[in-house]
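Line by line, the protein sequences give chains E and W.
Note that our numbering numbers the first sequence so that position 159 is 159, with each residue one more than the last.
Note that our numbering numbers the second sequence so that position 60 is 60, with each residue one more than the last.
Quick caveat, the hints were computed from the structure, so don't treat them as lab data.
Take the hints with a grain of salt, since some may be wrong.
Said to hold, decoys possible - Computed cross-link-like contacts, DMTMM-like style, restricted to lysine to aspartate or glutamate with a CA-CA straight-line distance of at most 20 angstroms: (1) E:LYS172 x E:ASP120; (2) E:LYS140 x W:GLU188; (3) E:LYS172 x E:GLU144; (4) E:LYS70 x E:GLU233; (5) W:LYS161 x W:GLU128; (6) E:LYS265 x E:GLU62; (7) W:LYS432 x E:ASP286; (8) E:LYS265 x E:GLU234; (9) E:LYS140 x W:GLU434.
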Amino acid sequence: MTLGIRDMDTAAASELDRAEPAAKAAAKTTPAKLPVGKAFVSDPRIEVRDLDVFYGDKQALERISLDIGKNQVLALIGPSGCGKSTFLRCVNRMNDMIDVCRVSGSVMLDGENIYERSVDPVELRARVGMVFQRPNPFPKSIYENVAYGPRIHGLARSRGELDDIVQASLEKAGLLEEVHDRLDEMGTALSGGQQQRLCIARAIAVSPEVILMDEPASALDPIATAKIESLIEELQEQFTIVIVTHSMQQAGRVSQRTAYFHMGKLIEVGMTGDIFTNPRHELTQDYIMGRIG
Amino acid sequence: MNNTTEPVLLEASTAGRRIRASLARRHRQERLFQWLGIGAVALGLGFVLLLLVSVIAKGYSGFLQTHIRLSIDLSEEMLLDGAPVTEENLRNGDYRRAVRSAMQDLFPDVSGRRDRRELQRLVSNGAEFMLRDQVLADPELVGRQIDLWLPADDDVDMFAKGRARSNPGDSVPSRLSEQQRAWIAELERSDRLDIRFNWAFFSHGDSRDPEMAGIWGAAVGSFLTLLVTLVLSFPLGVATAIYLEEFAPRNRWTDLVEVNINNLAAVPSIIFGLLGLAVFINFFGMPRSAPLVGGLVLTLMTLPTIIIASRAALRSVPPSIREAALGMGASRTQTVFHHVLPLAMPGMLTGTIIGMAQALGETAPLLMIGMVAFIVDVPRSLTDPSTTLPVQIYLWADSPERAFVERTSAAIMVLLGVLAMMNLAAVLLRRKLERRW
Chain E
1 MTLGIRDMDT
11 AAASELDRAE
21 PAAKAAAKTT
31 PAKLPVGKAF
41 VSDPRIEVRD
51 LDVFYGDKQA
61 LERISLDIGK
71 NQVLALIGPS
81 GCGKSTFLRC
91 VNRMNDMIDV
101 CRVSGSVMLD
111 GENIYERSVD
121 PVELRARVGM
131 VFQRPNPFPK
141 SIYENVAYGP
151 RIHGLARSRG
161 ELDDIVQASL
171 EKAGLLEEVH
181 DRLDEMGTAL
191 SGGQQQRLCI
201 ARAIAVSPEV
211 ILMDEPASAL
221 DPIATAKIES
231 LIEELQEQFT
241 IVIVTHSMQQ
251 AGRVSQRTAY
261 FHMGKLIEVG
271 MTGDIFTNPR
281 HELTQDYIMG
291 RIG
Chain W
1 MNNTTEPVLL
11 EASTAGRRIR
21 ASLARRHRQE
31 RLFQWLGIGA
41 VALGLGFVLL
51 LLVSVIAKGY
61 SGFLQTHIRL
71 SIDLSEEMLL
81 DGAPVTEENL
91 RNGDYRRAVR
101 SAMQDLFPDV
111 SGRRDRRELQ
121 RLVSNGAEFM
131 LRDQVLADPE
141 LVGRQIDLWL
151 PADDDVDMFA
161 KGRARSNPGD
171 SVPSRLSEQQ
181 RAWIAELERS
191 DRLDIRFNWA
201 FFSHGDSRDP
211 EMAGIWGAAV
221 GSFLTLLVTL
231 VLSFPLGVAT
241 AIYLEEFAPR
251 NRWTDLVEVN
261 INNLAAVPSI
271 IFGLLGLAVF
281 INFFGMPRSA
291 PLVGGLVLTL
301 MTLPTIIIAS
311 RAALRSVPPS
321 IREAALGMGA
331 SRTQTVFHHV
341 LPLAMPGMLT
351 GTIIGMAQAL
361 GETAPLLMIG
371 MVAFIVDVPR
381 SLTDPSTTLP
391 VQIYLWADSP
401 ERAFVERTSA
411 AIMVLLGVLA
421 MMNLAAVLLR
431 RKLERRW
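Bound-form chain E, shown alone (with noise of 0.2 angstroms):
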C-alpha cells in the first residue's frame, strides 16, 4: 500500500486553514482563479484542502480545496471521468487500498488530518460511512448485513442492543416496514432498491457522522430512486451527506450546495440554486445545459 502524504506541507496547509475563507480565496492566485464560488463555509464539518490524486502518472485531482458542510448535503456533478468518484474515496481512504494511488494534501475531519499516519483508516471508515453506486449487501442474512458493522466495531454490549441497533437503523433507512417479520431472509434476494435502502441501513447502523453516496441511484427503476432521495432528504437531518450523481434534476432535488468537477479540476461550487440557475463559469453552463456530458 502506497501513502504519499509525505511530500505535504502541513505548516502551510495550517495556516491556510486559520486564515478568513474570504481572504483565502483571495490570496490564493491560481492562474485560472478556481473555483468559481465559495467553497468553504463558516461550520464545515470536512475541509479539504489542496488535494493532488495521482493514479501512476496520470492526475485524477488538481490542487482541490473544498469544505463540507455538518448536516448538509453535498453534490458532486461532472462528466464521467472528472475525478468526483475520486474526490468521494479520498473522504474515506477508500483510495488506499488502490496500490498505484498516491494523495497529497489534507482532508480535515473535525480538525483532524485523515491522512495523518496516527489515523487508522478502520476508524475513520466507522465515522465515514459509504454507499456504493450498484447496491452490494453481503450474501448473509438481512439481520447479519445491518448487524455486521456494529459487531466488528463492539458497539452493541448485549444481543439485546444489537438487535435495538438493527432495528434503529432499518427503520431509519425506511426498510423496517417491508422486512421486519423476515430478518433472517438473504439480504441479497430482495429487489434492487430495498439492496440499497439495506446498504444505507448497514452504513447507519455504526452511526458515522459523514456519509459517503456514489451514484446510490444509478441502478435503479424511477420509483425506488424516489425512496432514496426521500431517505436522504430524511437522513440529513443527522448526517453530513456527500452524494455523487450524474442527474442534475437528483442533485436538485436532494442537496443544499452543488459542486462541479471538470477533467479533476473543481470548477465552481455555490448553493445548489444558484449553480443550477445562474451557472458563473463556463463549463458548468455548458455542462447544465447539456452540451458537455
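Here the structure of chain E is known, so what remains is to put chain W in place on it, guided by the hints.
For chain W alone, coordinates are given in the frame of chain E:
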C-alpha cells in the same frame, strides 16, 4: 477506392439476395462444426468405455476366489503336540499339518511323496495362516473338528474360473498336471470346490501368492499418504493464495513468485520424487517407503494446483463485496475471513479435492522414495513402510503369475471407484456450499 463514382450502399433487394446465397454455406458450416463436436465427444466416451469394459471384463473375477472345503481336525495333539493350550502355543501351533492331513483325508488312496506333494499344492500356501488366525480369534475351536472353506492355490483358481485351459493348444495353458485336474474334478463332484467372494482381497496386504494378496495394505498406505498431503497442502495452499491475492503488493517479486508457482505445476512428478529422496530421506534422514515422506512429496506436487485453484476462486469473488466490507471499516483480514473466504471456499475445496485425486493416482514420485518395495504388513503409522494403490497396481502388473492379471484389474477398479467418489464429493460439496449473490 474507385474515384469516378461515389461509394453507395447496396440496394435492399441485392443485399437480400446475397445474404440468402450465403445462408446455405453458413448453415452447412454450423452443422459440420456440430457434428465434429459430437464426434469428438463420442470418440472420448468410446475410449473411456473401452477402458472400463476391458478392465471390468478382466478384473471382475479378481473379486472372487476358488475355495476348497476341508474338514479340519483341530485336536490338541494335531496342533500343539500335546502342549498346554496357551496363546503363545496356539500362535506357534502346527496348522500346516492340520491342513495337510485334512487334504490327505479327502484322498486317502494317494500315496508316494510326489503325488502327495502334488495334492498339497492344490491348497494355498496361505491356508495355514488363515486357519491360525481363525483359531486365535476363537480358541474355543481347539479340540473340535470343523468344516472350513480355505482358499485354493492360484493355479487351481485360474483353472476353476476358466482363465487357464487344459488343452495344450490354448493360449494360456494350465500349469496343473493331469492328476491334479482329476482331483479338482473329484472335489467339484463332492461339493468341496466353490468360487466365493474374495475377502482376502480387501483385508490382506501384498503377498507373493496371488490368492493371499490384497489391497488393504496399499489402501491404508494411500490413505495415510493422502492424509499427510491434505493436512499440509490445504492450509499452506489456501494461505499462500490468500496472501498473494489479497495482501501482497504487485511488484517484481510477487510476479516472480507467481511465475514460479505456475512453473511448479508443470514440473514432471518424478522430479518431485527425486527431490523427496535427496531432501527428506538423504538430508533429513526420514524413513524410506514411509507415507510421511510420500505425503510430503505429494504435498509439493499438489500445492501449485491448490494455490492456482484457490487464487482463481478468490478472484471470482466480486470486488463489490470487498468494498462493502472495507467501507464498513472492516480490516483487510476481517474482510478476507468474514466475506471473501466463505464465498471462495467452494472453489478452493473443489481445487483441493481435484489435487488430492491427482495425488491419489500418482506413482512415479513414490517409486523414487522407495514406496515400491514389496510390503506384506498393513502400515500402522506414518513411518511404517507401505505402498499405495497405484504403486500396488504397478507391482502386480509386473508380476508373472497369471492370477495377478485379474487382481491388477480389480485393484484398478477399486482405485477408479475411489477417484470417482472423490470427484463426486467435489461436485456435491460445491453445490451445497455455493452461494448466490
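Status of the hints after comparison with the structure:
no.	hint	result
1	E:LYS172 x E:ASP120	violated (28 angstroms)
2	E:LYS140 x W:GLU188	violated (69 angstroms)
3	E:LYS172 x E:GLU144	holds (17 angstroms)
4	E:LYS70 x E:GLU233	holds (14 angstroms)
5	W:LYS161 x W:GLU128	violated (23 angstroms)
6	E:LYS265 x E:GLU62	holds (5 angstroms)
7	W:LYS432 x E:ASP286	violated (55 angstroms)
8	E:LYS265 x E:GLU234	violated (31 angstroms)
9	E:LYS140 x W:GLU434	holds (13 angstroms)
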